[in-house]
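*Asks:* Protein sequence lines correspond, in order, to chains A and B.
Per my numbering, the first sequence starts with residue 1, numbered consecutively.
Per my numbering, the second sequence starts with residue 151, numbered consecutively.
Because the hints were derived from the structure by calculation, they are not lab data.
Treat each hint with caution, since some may be false.
Said to hold, decoys possible - Reference excerpt, derived from the structure (chain A facing chain B, CB under 7 Å, subset only):
#1 L10
#2 G53
#3 P74
To be verified - Below, in silico cross-link-like pairs of lysine-lysine (BS3-like), each with a Cα-Cα straight-line distance of 25 Å or less:
#4 B:K279 / A:K85
#5 A:K85 / B:K311
#6 A:K85 / A:K19
#7 B:K271 / B:K311
#8 B:K311 / B:K279
Since this is a predicted model, take the numbers as computed values, not measurements.
Using N, Cα and C, we set each Cβ at its ideal position, and we do this for glycine too.
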Amino acid sequence: MATPSPSDHLESNSIDLNKSAIVAFASRFDPQPYHLDADAADQSIFGGLCASGWHIAALATRLVIETLLDNGLPFVEMTSVSQLKWSQPTFVNDQIRVRVALGESLEESPIPDTRRQRLEIQVCNGNGAVVATMTATAAIASEPALAAST
Amino acid sequence: MTDLYLRDRWFEDLPVGEFHVFGSHTFSELEIVEFAETFDPRPESTDPDQARLNHRQGLVASPWLVTAMWMRKMVDYMEVYAQGVNDGRRNGAGVAINDLHWLEPVRPGHTLTYTYEIIAKPDRVIREKWGLIRSRNEAFNQYNNKVMQFEIDILAERQPKASDDPQQQ
Numbered sequence: 001m002a003t004p005s006p007s008d009h010l011e012s013n014s015i016d017l018n019k020s021a022i023v024a025f026a027s028r029f030d031p032q033p034y035h036l037d038a039d040a041a042d043q044s045i046f047g048g049l050c051a052s053g054w055h056i057a058a059l060a061t062r063l064v065i066e067t068l069l070d071n072g073l074p075f076v077e078m079t080s081v082s083q084l085k086w087s088q089p090t091f092v093n094d095q096i097r098v099r100v101a102l103g104e105s106l107e108e109s110p111i112p113d114t115r116r117q118r119l120e121i122q123v124c125n126g127n128g129a130v131v132a133t134m135t136a137t138a139a140i141a142s143e144p145a146l147a148a149s150t
Numbered sequence: 151m152t153d154l155y156l157r158d159r160w161f162e163d164l165p166v167g168e169f170h171v172f173g174s175h176t177f178s179e180l181e182i183v184e185f186a187e188t189f190d191p192r193p194e195s196t197d198p199d200q201a202r203l204n205h206r207q208g209l210v211a212s213p214w215l216v217t218a219m220w221m222r223k224m225v226d227y228m229e230v231y232a233q234g235v236n237d238g239r240r241n242g243a244g245v246a247i248n249d250l251h252w253l254e255p256v257r258p259g260h261t262l263t264y265t266y267e268i269i270a271k272p273d274r275v276i277r278e279k280w281g282l283i284r285s286r287n288e289a290f291n292q293y294n295n296k297v298m299q300f301e302i303d304i305l306a307e308r309q310p311k312a313s314d315d316p317q318q319q
């Protein structure tokens, strides 16, 4: 598979976000009323039960990993996020997917046998509205076969 | 001063330089695997045997698990200090993070200690009632090496003016 050129936007599949997934994540990592309880959430700044922003970030990263692997880029690990903005809440039974643009590639990396790849990530809901944007750097294996052969 | 809880204070009451240690967490192999099964279900991230062949030469916590645990430690910390305080409205949602770096791998059995420091109060008013508290947040492992850092802007409710709804006071 050809490696995408820097101008390409890669599109992910979508993930459904149901109430039990939202509540399960929030119970573990972000137990605040607007992520746990529908009545409390209706009265909150968000106006309804919605996913933790960290849940969205982690799910988006899963979609980024799958999308890069599908496009021949051997993702190893996310190493930094220079900016992450949450622009609107993601509510129960919404879907999320990501659009990834490849930025510059850097030779030096903190992880051996990898390079770093800048990624511009848009996280969209089922209506195509942007719910978050993330500028991240990921370590990419220098040689695709390395992880499997060593 | 020290007996005041974060949520019991308005935006105006929160001083730059205030510092908190939210607490510590030891990451088990099980929770590292469970998180990866949902958010990074590659065999080298979920199977301890296959993980020995990965670039970290072993199982490591997903970066977002390390960061999500910061959120949990913050919520737990605030609840302890919130006893008797019913007003959760004054502390709102996070809106953006900057300069998040995962500096070292977190492996099963590692213990991280999470810290928080208010570093700025950007001069912005959001939806008429919120201000922004910018904090620097760090996590240190059991060797006292910094493994994560980021800044986050969190909404904090501004003190209503005297002409506003007196029940807000």
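*Asks:* Please go over all the hints and tell whether each is borne out by the structure.
*Replies:* How the hints compare with the structure:
no.: 1; hint: L10; in the structure: 18 Å, violated
no.: 2; hint: G53; in the structure: 6 Å, holds
no.: 3; hint: P74; in the structure: 10 Å, violated
no.: 4; hint: B:K279 / A:K85; in the structure: 20 Å, holds
no.: 5; hint: A:K85 / B:K311; in the structure: 30 Å, violated
no.: 6; hint: A:K85 / A:K19; in the structure: 23 Å, holds
no.: 7; hint: B:K271 / B:K311; in the structure: 19 Å, holds
no.: 8; hint: B:K311 / B:K279; in the structure: 10 Å, holds
In this structure, the earlier hints numbered 1, 3 and 5 are contradicted, and the remaining ones agree with it.
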